[in-house]
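Quick note, the sequences are listed as chains A and B, same order.
The opening position of the first sequence corresponds to residue 6 in this note's numbering, with each subsequent residue numbered one higher.
The opening position of the second sequence corresponds to residue 6 in this note's numbering, with each subsequent residue numbered one higher.
Watch out, some of these pointers could steer you wrong.
Any copy will do: because identical chains look the same in the list, a pair fits if it lies in one copy or spans two.
Said to hold, decoys possible - Keeping only pairs whose Cα atoms sit at most 25 Å apart, straight-line, the calculated DMTMM-like set for lysine to aspartate or glutamate is:
id: 1; residue 1: Lys369; residue 2: Glu43
id: 2; residue 1: Lys246; residue 2: Asp212
id: 3; residue 1: Lys219; residue 2: Glu137
id: 4; residue 1: Lys401; residue 2: Asp84
id: 5; residue 1: Lys199; residue 2: Glu52
id: 6; residue 1: Lys185; residue 2: Glu284
id: 7; residue 1: Lys330; residue 2: Glu14
id: 8; residue 1: Lys401; residue 2: Asp186
id: 9; residue 1: Lys402; residue 2: Glu162
id: 10; residue 1: Lys369; residue 2: Glu221
id: 11; residue 1: Lys402; residue 2: Asp306
id: 12; residue 1: Lys246; residue 2: Glu43
id: 13; residue 1: Lys401; residue 2: Asp180
id: 14; residue 1: Lys401; residue 2: Glu305
No lab work stands behind these hints: they were computed from the structure.
There are 2 protein chains.
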Amino acid sequence: MNWEDIARELAYTTDSKIVLLVCDGLGGLPVGGRTELEAARKPNLDEVARLGACGVTDPVFMGITPGSGPAHLALFGYDPLRYQLGRGILEALGSGVEVGRNDVVARGNFATLKGGLVVDRRAGRIPTTENERLCAMINAGLPKQEGAEIALTPGKEHRFVARFRAEGLSDVLSDADPQKDGKPRVQAAALKPKAGRTAVIINRFLDELTALLKDEPKANTALLRGFSKFPSIPHLAELYKLRPAAIANYPMYKGLAKLLGMDVLDVGAETPDLFDALEREYKNHDFFYVHFKRTDAAGEDGNFERKVAAIEEIDRFIPRLLALKPDVLVITSDHSTPALLRGHSWHPNPFVLVSPNAQPDGVKTLTEIECAGGTLGRFRSIYAMPLMLAHALKLKKFGA
Amino acid sequence: MNWEDIARELAYTTDSKIVLLVCDGLGGLPVGGRTELEAARKPNLDEVARLGACGVTDPVFMGITPGSGPAHLALFGYDPLRYQLGRGILEALGSGVEVGRNDVVARGNFATLKGGLVVDRRAGRIPTTENERLCAMINAGLPKQEGAEIALTPGKEHRFVARFRAEGLSDVLSDADPQKDGKPRVQAAALKPKAGRTAVIINRFLDELTALLKDEPKANTALLRGFSKFPSIPHLAELYKLRPAAIANYPMYKGLAKLLGMDVLDVGAETPDLFDALEREYKNHDFFYVHFKRTDAAGEDGNFERKVAAIEEIDRFIPRLLALKPDVLVITSDHSTPALLRGHSWHPNPFVLVSPNAQPDGVKTLTEIECAGGTLGRFRSIYAMPLMLAHALKLKKFGA
């Protein structure tokens, strides 16, 4: 029996409310002797640490740096070693592409073909505006293939997302990508017979696209990889009997929340919009996932000062969370993003849980080192969900 | 390989002695700023914490509130996610019913039948004395069915345990219970062909019982659920090469110990009886499970002061434990029972292990927060058994 089986058996609906604030990439490493959390003035986050039970979490296991997909799945109680989301679906969600149950999506690159060889898999990193023009041209010129609707969504520079929409498509396909410069174009191959028709559609589309782009100086072909369909993953309502809402202003996190069956609320682009939405919808749901992106974005840019500022920004909204008096409030992150490393890292996430049913501890500030000494100890992120449900008194007893 | 496989390979018999004192439901939550353990005067338990290595344990995993069955199984090294004991067998053990290898047992309710419908699944919660009269009447009137011996043991109010004894019975049966008031009686159904004869026996018995009770004002039928046989579970002697003794004065815990092949010692109903038995039998066994119930009983009643008093009571017996100088002494609990929650909870258990082979730590009092900071950290209860055996030098090296 695993957690999912147990959750289906033990979880039940109550009036209690859970708020999970994910400060993306919150944990860090010292620069000049202090981590971002240690350098920030954040009286409200520290007050939460004083009020709650603290610990640190490993998204996958010790030493593993997760992408946003696995890190978030773990926080919602899905073992990231069991559920692996295809790159195509994550890229599509991150680009705000609407993905239906029948669609196959893939990550695309514009590339340069010369003398029958792919000489630059990134088409000299064409400007994003060029990319947008090409995608519009292709969408207008090649919208259908054997009855399948095809749509490209431009990303940054040479990157795009391709969506193939028809009944009966399959994603059991190899990449249409030579992987290295200086090799011929490669067709997508059906890895199982059921994907044969999909491979034909995709390869004809790529040939016609290449014909259409033949006069472009750099972007005169395209590569596709990471074919994936909408994953079959149980919803939070089904597993936990929750009415969950997602409050996020980046498409990637909205898309992930949609995958898990959350109601994705309409939210503006700024931080106050998150809390306006939470207050507005507070009576209509019992689980709120609130996503704050700026801590991660600053960490990815290697900008220590901007990450400190992002922590200080979110700190000012904490009183609005506490004023709602949720039965369980958790503040944590999906993964660490130390500015020092300019990217995601394997370091554990500070975690604090405030509830009338939580055992207190002596932690007084929300930092990596203080949380590591809290009563919750060090644990895998997949236990965040059982802990939240338990403290909200939404789980029955296991066995007699 | 799991722990059981490893134990079979590595465990061996020595003269060293292990004493495991389970203070049932020991951990709690603050009321007026202090937990039960923080409020109690318990100089001897604190001395044990000073002498030993401390930690906290999760019986199943974080957030899961266990019943007594899974919580105890875990303490003895059996993964509670693998071994799940039926409600019937636990109810039978808890009622002191002697269950043999061929018996099927079930939880029973007296119920009220009116116009062909079960209108009250609890027969208006008839007095226990009424229940006792009815069970005696049925045992005298309906002792056999197709050669199967049948015996009812009364519990509190409307509850009883039914035991069916014959060769070849099966417990793969659905409940004979409509689950809701206002529905007709439901027969037990064989979920596999091998249970067909057992279903016939049980359904005929329920029909005859209903005929026998037809003039009773409230308790004129009965429902049965949780059919279960004696589970097949390896014994402690087999896994760990121990000669284990159980010292408990409640039938539920004696029954569990019997399931695991422990010698269940004769013990009176009072706390000194536990320690008298331990001293008397100390030379005859090498593993002693001592069960103290009053901490849990007070917690279940929501009586903070009485739980504090129970902690102070058990504290006075600790010098008798230490005087025996066991090679390993562990004091912990199966699960937490905060008076604040009036029931079992998911909070981890304080755990202290005293042994000449234990690493010391700085913990000075036996409380939830202090133990959480001990050198043993936070771990699943199934590691209690490997830890005890290791410190008693009863485990060989794994691998070369």
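Hint by hint, here is what the structure shows:
1. When the C-alpha separation of Lys369 and Glu43 is checked against a cutoff of 25 Å, the pair qualifies both within a copy, at 12 Å, and between copies, at 20 Å.
2. With identical chains, the CA atoms of Lys246 and Asp212 are never at most 25 Å apart, being 48 Å at best within one copy and 38 Å at best between copies.
3. With identical chains, the CA atoms of Lys219 and Glu137 are at most 25 Å apart within one copy only, with a shortest distance of 17 Å there and 82 Å across copies.
4. In this assembly of identical chains, Lys401 and Asp84 lie within 25 Å of each other by CA distance both inside one copy and across copies; the values are 21 Å within and 19 Å between.
5. In this homomeric assembly, Lys199 and Glu52 never come within 25 Å of each other (Cα to Cα): the closest approach is 57 Å inside a single copy and 62 Å across copies.
6. For the homomeric pair Lys185 and Glu284, neither the shortest alpha-carbon distance inside one copy (51 Å) nor that between copies (39 Å) is at most 25 Å.
7. In this assembly of identical chains, the alpha carbons of Lys330 and Glu14 never lie at most 25 Å apart, being 28 Å within a copy and 45 Å across copies at closest.
8. Taking CA atoms no more than 25 Å apart as the test, Lys401 paired with Asp186 passes between copies only; the shortest distance there is 22 Å, against 57 Å inside one copy.
9. Proximity of Lys402 and Glu162 under a CA criterion of 25 Å is satisfied inter-copy only: 23 Å between copies versus 53 Å inside one chain copy.
10. With identical chains, the CA atoms of Lys369 and Glu221 are never at most 25 Å apart, being 61 Å at best within one copy and 64 Å at best between copies.
11. With identical chains, the CA atoms of Lys402 and Asp306 are at most 25 Å apart between copies only, with a shortest distance of 17 Å across copies and 46 Å within one.
12. Taking the shortest Cα distances, Lys246 and Glu43 never come within 25 Å of each other, neither inside one copy (38 Å) nor across copies (36 Å).
13. Proximity of Lys401 to Asp180 under the C-alpha cut-off of 25 Å is restricted to the inter-copy arrangement: shortest distance 20 Å between copies versus 46 Å within a copy.
14. For the homomeric pair Lys401 and Glu305, the shortest alpha-carbon distance between copies (15 Å) is at most 25 Å, but the shortest distance inside one copy (41 Å) is not.
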